[in-house]
Amino acid sequence: MRWIWLTWLSLSLGLCGYYGYQVYASDDKSHFLIGETSVGHFQIELECSACHSEVFGGMESVNESCIGCHAEELEDAHDSHPKSKFTDPRNADRVDILDARYCITCHTEHQPERTGEMGVSLPDDYCWHCHQEVGEERESHKGLAFDTCASAGCHNYHDNRALYEAFLLEHADEPVLKALARKKARNWRAWHQAVHPDTESLSSGSYPEQLETRFDSAAIAGIHQDWLGSAHAEAGVDCVGCHQVENEPVWTDSPGMNSCAGCHTLQTDSFQAGKHGMRLAQGLSAISPAMSRKIFTEESQSLELSCNSCHQPHQYDTRYAEVEACLGCHADDHSLQFSQSPHGQLWEQARTGLMPEDQAVSCATCHLPRETRRVKGHEKVWVNHNQNHNLRPNEKMIRSVCMDCHGLGFAIDALADQDLIQRNFTGRPAERIPSIEMAIKREQEAR
Amino acid sequence: MKVKLLGLSAAIAGLTLVAGCQESAAPGIEPKVYTDSLFAVMKADRTNYTKLIIKRLGPAGAGSIAPAEHWKDLDNGAPLPAQMFRAGAEGVRELTDEFTYSLQSIWPINKQNAPKTQMEKDGLQYVVDNPGENFYGTETLGDQDYFTAVYPDVAVSDACTVCHNEHKDTPKTDFKVGDVMGGVVIRVPL
Chain W
1 MRWIWLTWLS LSLGLCGYYG YQVYASDDKS HFLIGETSVG HFQIELECSA
51 CHSEVFGGME SVNESCIGCH AEELEDAHDS HPKSKFTDPR NADRVDILDA
101 RYCITCHTEH QPERTGEMGV SLPDDYCWHC HQEVGEERES HKGLAFDTCA
151 SAGCHNYHDN RALYEAFLLE HADEPVLKAL ARKKARNWRA WHQAVHPDTE
201 SLSSGSYPEQ LETRFDSAAI AGIHQDWLGS AHAEAGVDCV GCHQVENEPV
251 WTDSPGMNSC AGCHTLQTDS FQAGKHGMRL AQGLSAISPA MSRKIFTEES
301 QSLELSCNSC HQPHQYDTRY AEVEACLGCH ADDHSLQFSQ SPHGQLWEQA
351 RTGLMPEDQA VSCATCHLPR ETRRVKGHEK VWVNHNQNHN LRPNEKMIRS
401 VCMDCHGLGF AIDALADQDL IQRNFTGRPA ERIPSIEMAI KREQEAR
Chain E
1001 MKVKLLGLSA AIAGLTLVAG CQESAAPGIE PKVYTDSLFA VMKADRTNYT
1051 KLIIKRLGPA GAGSIAPAEH WKDLDNGAPL PAQMFRAGAE GVRELTDEFT
1101 YSLQSIWPIN KQNAPKTQME KDGLQYVVDN PGENFYGTET LGDQDYFTAV
1151 YPDVAVSDAC TVCHNEHKDT PKTDFKVGDV MGGVVIRVPL
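If you read the protein sequences in the order shown, they are chains W and E. To convert, note that position 138 of the first sequence is 138 in this note's numbering; the numbers rise steadily by one, no gaps. To convert, count from 1 in the second sequence and add 1000; that's this note's numbering.
It cannot be assumed that every hint is accurate.
As the list claims (entries may be wrong) - If you want the footprint, here are the derived chain E segments under chain W, 3+ residues with CB under 8 Å:
#1 1065-1076
#2 1097-1108
#3 1132-1144
Quick caveat, the hints were computed from the structure, so don't treat them as lab data. Keep in mind that this is a model prediction, so the values were computed, not measured. All C-beta atoms in this analysis are idealised placements derived from N, C-alpha and C, irrespective of residue type, glycine included.
Please take these sequences and the hints and turn them into a complete structure.
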């Protein structure tokens, strides 16, 4: 009898030790994965505490983790269904059916077999639970299936900034291409001058003295030339500005993201909020194409993403970063079609000096959009480096990007056409999304 | 052993009884007084926002702000008084679950703001049919009992009536200043 107990005790202790080691000491926590995570989270799925911040925290704790990363995004989106809508007791009957107080009610992770677009794990007709009367009372909506509310280019659960009725009416008559089609122009020179009026440009200056004694001049001649032509030199940022940052007062040959973050906080923060940098934000190794689920070039598979992956050290050529850097890795249909697409043709004209840069469209124009923010008391146009910020759902980019050049109706139609997206917008949308016409008709009937 | 256990049980029961007596003897506030007080603050704030901000700084005054339904899309946009009130209700729900409130109407522009529970339907109709009076009752929602109070929401300015009368989604187009346009529903869990 004793040996049975001893065996049981030994096995128990062994298992406890094994899993204890896995939880607290091992980097590989794949044994605890209960199912594949969604496209938005697989990058950090082995950092369990990123979402499960408390062992016995329950749904509240997981929800806090969701909000920890996505709160600003929801705020920016003028979230149509914030949690506070569902904490009113008058909605208790609805919460019983669909507990929308919690993100994971609709975005349940580790359930790949029932997870669809936007990481939604509910059947597509979820709107019906609260809005069933719309299908009966609103003439224009009679006969429409509830699984088309969010899939036909008409409504989103969170972000309806470009889809609400008054906005549709305001922009109903816009042409496919606006007369003045251009994106926000960079203003870093003016901003830098306003914030740092005493900075002296080094572009035309002499070779920094400390380099002559430290390095072989011939070996770094190319670096020197690159740097002289860069915005860093123009802004008075010399070698130690990057290679010897304040909190690390020792020369480093390969400065990391911390060095960039000293001046480019908005950019590095947003980089770490997106798929390119979210692993770094969790203290994990940088992501590489080999880890991803998308299609990438063979030669890029082992590349680890950091600031310097897209911004070549010392050159910091933003034109390279806007297209060539992207196409160095991304090899899906949409990416491969860029160069021959209308957008790609415009970019080529700008690259060869035939067109102003702010009238051309690069990969970054749409996926890393320029935004405006007041920084240090002055308006600054900056590039949001979260490549997912305006992408899911893609209607998010209508106002922030598409409408710089295109009318609202065309933008809605184009973004609802998956084939057109694969062709990188070569051609015209196959279907007309009727939301603007429906809004006009309702407006006319109300008069 | 049995005697000891019985003694311990009796002691615990006694302590619980004493604690219970102390609790019931503690000074409290009647739900009606509580909700009446809350409504007084809400009504004063709402009236002040309408008159001191919207009227004074909006198109009828200095013209420096633009009160609008989709105010977030305007650089100088300001929420309409009803939206400001709802924003307060949502803000409170993020801070506490000791009480909740909402603005409803039997003639809502947004159908989600129509009365839903039987108590809301009875209360909203009562304050319309009996101007100047409030409505009180208790109801059970989910597994929770609530003291529910409904207060009339009266049009204090022509800005309220004009906006509602002209809105394409309004089911009623002849509101006048002084009319009961809806009601404020305050709930306290019991």
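Note to self: Please check whether the region 1065-1076 of chain E has three or more residues whose CB lies within less than 8 Å of a CB on chain W.
What the structure shows: holds (count 4)
Notebook entry, point to check: How about the region 1132-1144 of chain E: do at least three of its residues have a C-beta closer than 8 Å to a C-beta of chain W?
Noted result: holds (count 3)
Note to self: Cut-off 8 Å, C-beta pairs, minimum 3 residues; does the coverage of the region 1097-1108 of chain E by chain W stand?
What the structure shows: As far as the region 1097-1108 of chain E goes, the hint holds, because 3 residues have Cβ atoms under 8 Å from chain W.
When the structure is compared with the earlier hints, no violation turns up for any of them.
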